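Novice: If you want the building blocks of each chain, they are given just below.
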Amino acid sequence: MRNRKRVTVANIGMSSMFVILFGLCFAVLAALAIATAQHDYELSRRLAEHTTDYYAAYNQAQERLLDTEALYQQTDEDGYASFSVPVQEGQELSVEICFDETGSEYVITKWQVVNTGEWNGDASLPVLKQP
Amino acid sequence: MMRQRESNGAKLFLTELMFSIFFFAVIAAICVQLFSGAHTRSVHSKELVQSVNLASNVAEYYTVWDWEEESWQKVFPEGEWQGDVWQASFDESWEPCEESGEYLLQMEVVNGDEYREAYIAITEIETERVIYELAIKRVV
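Heads up: the protein sequence lines correspond to chains P and B, in order. 325 is the number of the first residue of the first sequence in this note's numbering; add one for each residue after it. 1172 is the number of the first residue of the second sequence in this note's numbering; add one for each residue after it.
Read the hints as simulated data drawn from the structure, not as lab findings. Treat each hint with caution, since some may be false.
As the list claims (entries may be wrong) - Derived contacts from chain B toward chain P, CB cut-off under 10 Å, selection only:
id: 1; residue: Glu1187
id: 2; residue: Leu1188
id: 3; residue: Phe1190
id: 4; residue: Ile1198
id: 5; residue: Leu1205
id: 6; residue: Ser1213
id: 7; residue: Val1220
id: 8; residue: Ala1230
id: 9; residue: Tyr1232
id: 10; residue: Lys1245
id: 11; residue: Gly1254
id: 12; residue: Ala1306
id: 13; residue: Ile1307
id: 14; residue: Val1310
The structure displayed is predicted, hence computed values, not measured ones. Note that beta-carbon positions come from the ideal geometry of N, C-alpha and C, so glycine has one too.
Whenever a hint applies, use it, and build me the whole structure from the sequences.
Specialist: Okay, here's the thing in structure tokens:
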């Protein structure tokens, strides 16, 4: 009889423990799923933003190419003229064109997104200070 | 006396089980909503990436080919011109399809004096939600 009583007492609280355990597991998994999805979306949004900015710069560069007279005045002795349009912070679209001898026609010799930001190679953390 | 104690223990156990099931149901309902939200976010994220890639591909093709019909037909045989608007349908896995699919890619070409401008938009057909749009100019 004593054994029976002990079994009954041991069972009380077990279901609550299981609920707490499963609840915590679900909550952690849900938080991880939400965080991953949010980060993915943020990355996608930044990609979309960058693409939109690039094509905005592309359109600006096309507008600049219309004014051939102004560009021709900027040419060096080899007939090259260049300009750049900002894409995003730290990036710009660099364009270089080469005019023919008459100055009426040109060939695009460079159409490149270049990095203008400074690269900081020292990314170390002060974890251990040298004595 | 002993039977009464056992009966009380069983009642207590059943009451606790009932509360546990209730709380489990509440937690499960909240978590299912969170999982559902994460799934929706993930689907939107995938749609956005696919749309951006598709729009930039079409924009690059446009910069090279302008609107030569033969060249467009080679790459997008399912696409068709309707006046100044070129459109192509894509199914749920973003494969081109001839019949109306899940997504619609449209490119409207506007002729200007100095530029020819193309507006590229990708929409979800069912909800008519514009997922991504892009404008690109080309000197005539």
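Novice: Would you mind marking each hint as holding or not holding in the structure?
Specialist: Hint check:
no. : hint    : in the structure
1   : Glu1187 : holds, 6 Å
2   : Leu1188 : holds, 5 Å
3   : Phe1190 : holds, 8 Å
4   : Ile1198 : holds, 4 Å
5   : Leu1205 : holds, 4 Å
6   : Ser1213 : holds, 5 Å
7   : Val1220 : holds, 5 Å
8   : Ala1230 : holds, 6 Å
9   : Tyr1232 : violated, 14 Å
10  : Lys1245 : violated, 24 Å
11  : Gly1254 : violated, 23 Å
12  : Ala1306 : holds, 7 Å
13  : Ile1307 : holds, 6 Å
14  : Val1310 : holds, 5 Å
The structure fails hints 9, 10, 11 (numbered hints given earlier, in ascending order).
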